[in-house]
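Engineer: Residue numbers (my numbering), protein chains in the order written: chain B, 1 to 261; chain U, 1001 to 1272; chain G, 2001 to 2329.
Just so you know, these hints were derived from the structure itself, not from any lab. Here the structure is a predicted model, which is why all the values come from computation and not from measurement. This list has only true hints and no planted wrong ones.
Chain U residues, not near chain B, derived (Cβ > 12 Å throughout):
no.	residue
1	1238
2	1246
3	1258
Beyond 10 Å from chain G on every Cβ pair, some chain B residues (computed):
no.	residue
4	44
5	45
6	48
7	51
8	52
9	126
10	139
11	165
12	166
13	171
14	191
15	202
16	203
17	208
18	224
19	229
The calculated lysine to any residue pairs, modelled on SDA-like cross-linking and capped at a C-alpha distance of 25 Å, are:
no.	chain 1	residue 1	chain 2	residue 2
20	B	254	G	2100
21	G	2155	G	2127
22	B	225	B	138
23	B	101	G	2116
24	B	254	G	2041
25	U	1102	U	1117
26	B	101	B	172
27	B	254	B	177
28	B	101	G	2096
29	B	101	G	2127
30	B	5	G	2100
31	B	254	G	2044
32	U	1121	U	1011
33	G	2137	B	6
34	U	1105	U	1117
Here a beta-carbon is modelled for each residue, glycine too, at the ideal position from N, C-alpha and C.
Chain residues, written in single-letter form:
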Amino acid sequence: MRHLKLLSVFYRSSIQTDMEYRADFFTRIIASLLGLLMNVGAFSIAFHYAGKIGGWTFPQAMVLLSIYYLMDGLIEMFIAPNMRAVMEHVRQGTLDYILLKPISAQFMSSFRTVNIWRLVNVLVGVGLSFYTITQRGLVIGATEAFMFAVTLACGAVIVYSFWLCLVTLTFWFVKLDNIEQIVWQAFEAGRYPIDVYPIWLKNTLTYVIPVVFIITVPAQALAGKLSMSYLLVSMFVALSTLVGASAFWRFGLKHYTGASA
Amino acid sequence: MSYWINVYRANLKMAIAQMLAYRFAILIWAVWGFVGPLISLAVWTAVSASNKSGIAGGSGQSFSRADFAAYYLVFMIFGHLTMSWDAFEFAYRIQDGRLSPKLLKPLHPIHSDIAFNIAFKLCTSAMVMPAWILLFVLLHPTLPTSWIGLILAIPALFLAGALRYILQYALATIAFWTTRVEAINQLFFTVDSFLSGRIAPLSLLPGVMGSVALYSPFRGMGAFPVELALGRIPTAEILPGFALQIVWLSVALVLFRTLWASGIRQYSAVGA
Amino acid sequence: MNENGLIILDGLQKVYRVHERESGATASIKSLFKRKYKEVHAVESVSFTVEAGEVVGFLGPNGAGKTTTLKMLAGLLHPTGGDATVMGFTPWKRENEFLRNISLVMGNRNQLMWDIPAMDSFVVNRAIYQIPELQFKETLDELVELLDLGAIINKPVRGLSLGERMKCELAAALLHRPRVLFLDEPTLGVDVTMQGRIRQFIAEHNRKYGATVLLTSHYMADVTALCSRIIVIHHGKLLFDGGIADLSQKIAPFKLVRLDLERADLEANLEQYGEVTSRDETKITLRVPKENTSAVVSRILTELPVVDLTVEDPPIEEIIEQVFRGADK
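Build the full structure now, drawing on both the sequences and the hints.
Structural biologist: See the structure below:
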């Protein structure tokens, strides 16, 4: 309860700040739509030469793309700005001020800000999936909606956990300032149906950097192609990465304050 | 002349020392060069799987799976050697005030940036070379057949690098007027993705896009040297290809000089 | 050892293991494979006790271990040896109850967010420290008045001057009325007038709320104006702990004799009166042992062509410097 209250204070203060930078909003709209144009164009060209790619039809691939956008928006809104701030704090030495606050350092580091204008990407994602679904005359039932919501949340948790681990590494190696690019490089691959990739890459994207659970699984849930067992696997992966990442963060923090020395 | 050699030698030396200090960080950037081409390759491999006789575009050029592998492997390597990031860097530099001290030096900042660019490519190419070789072995690409093409691809590659660099730097100067360059960069990247041949070989682009692509500057900094190296350009079209690169490079230089001159005026007017 | 102290340090120690690296490309490649480490003893068995309500100055040259000690006391660093308690808590356990009652201000690092007005950061702090609405208002009004913040708390922090920013930092650190306040170089880079304002404010805060203050500073004026007691450390070791007057008594039992002579081309050997610390034409400063002062002065007056003569206590800076020089020997 207390944390919810804090969350609303945090988000309110950062949204107020974002409102000052209204030009960012228009920049985001233009950049998002251009990116969308590029991605839809790339899909169209490839599907011009084949009816199905990696077992997915064009509309299904559009659903996948929409989830990619949705997830990209959620990450840039909630996760990325905070994780970047932590790395900046480590570099500038101001992480100390977070550690001095009488609340959980992980909570404060993870939820201090929200980048509201990235909502544009979320909306683009929602719009694209809505458009695709209505175009195909699909009806999303309650089960699909539920499974989609759960798998999407699990995907966000997995991204967060993965990123938290990378951030924790900066306690040892301060210079890892672009390490987030690893997340994005893997994420980029999730834009296309996972089956187009050679088996080793597919396994990497499933087991090492679980991009599959971040984009493909929610897309399958929305398309009604997901079995209940995958839902449980997704929840299990999310929970275990979260527990693992939090433990690693605490370990890193101990190192940072010299407890291990 | 010896002045310029000294300037570049000193800048290169410093740049290489910095690159080595940040070796892990620059390696991460270098790996980005793998992502785009490999994803495109995966998609086109999947497309070829459903069409065994090869994919043929309007112009009659046909691509088999191995052809795609060759195309995207060379595209990846050439893409790495011609890459430029100044359009992003420049805006940050204006925002956090790092530009002003550079303007105080009796040397245009582009020279130290070029030295940095070269240092990056030297260092990272050495690092990712094993990965390139490994991919070559793993992907069984069609090997280039024409020695002349391969040799001619070298000057074409240099021109492509210069063209991309100058054009991106010209684009970067827009940050003098607005530090919000994200939309502009995204526009450049989007157009570049289609017209340079990153998303698909240019001959596979449908309709009017394919014809535009043949004459756009993006071909000169992307697909042209790649296709030249792979011997995919008919002899009669080689010279026009080079001519196109040179024409666009001249345009880019004029554009850059004009934008820079008025940009600097604008920058100093608002208080650097 | 006083068991009733608010801050108790008992043999506190911090040893860092530092990776040594040389400059240059070859060296950085070499360090990929083989790393050299060395141990840095930042704080070496420091013990002292601070009572509630005291304002203590913590002195030492750069790298003496002041900041490391403060960070251990604030719970940011684990010591490698010894023990410390602050208000009965072990700082590095970082219990919320402990954190709620302390503040650390570092002059070279900002806690306020750069892009937003300080007021917005204050509101966030109110939520984090769970400051009751009424108390928040009251404290804020008071801080605004004392620090003259009215015009600046609603401007984005990035637009403030260094001094204004420091005032806001102080306000942010005091909103929750901490019982213990650690100040690390609070007046760093701030102009003289502003330094005075900040000092005055800290003194005021100490008087009003009985907050215990431990302060490090490069500016001796900060220390002489605020602190009844000083603790000097050097190379991680405690050198002195006591009142300022005691310091000059104990460490520097000297007086400075300043002379203005008629002529500069004096033949006489001035060293026979005392150590010559400066000489500029006719103006000469001598350092004379305290107990000999009157004898030396009367000798000088009879033997030298004196225009003017004054006797003073050495400035605190000089005493401290002497302490460090003595410790280095």
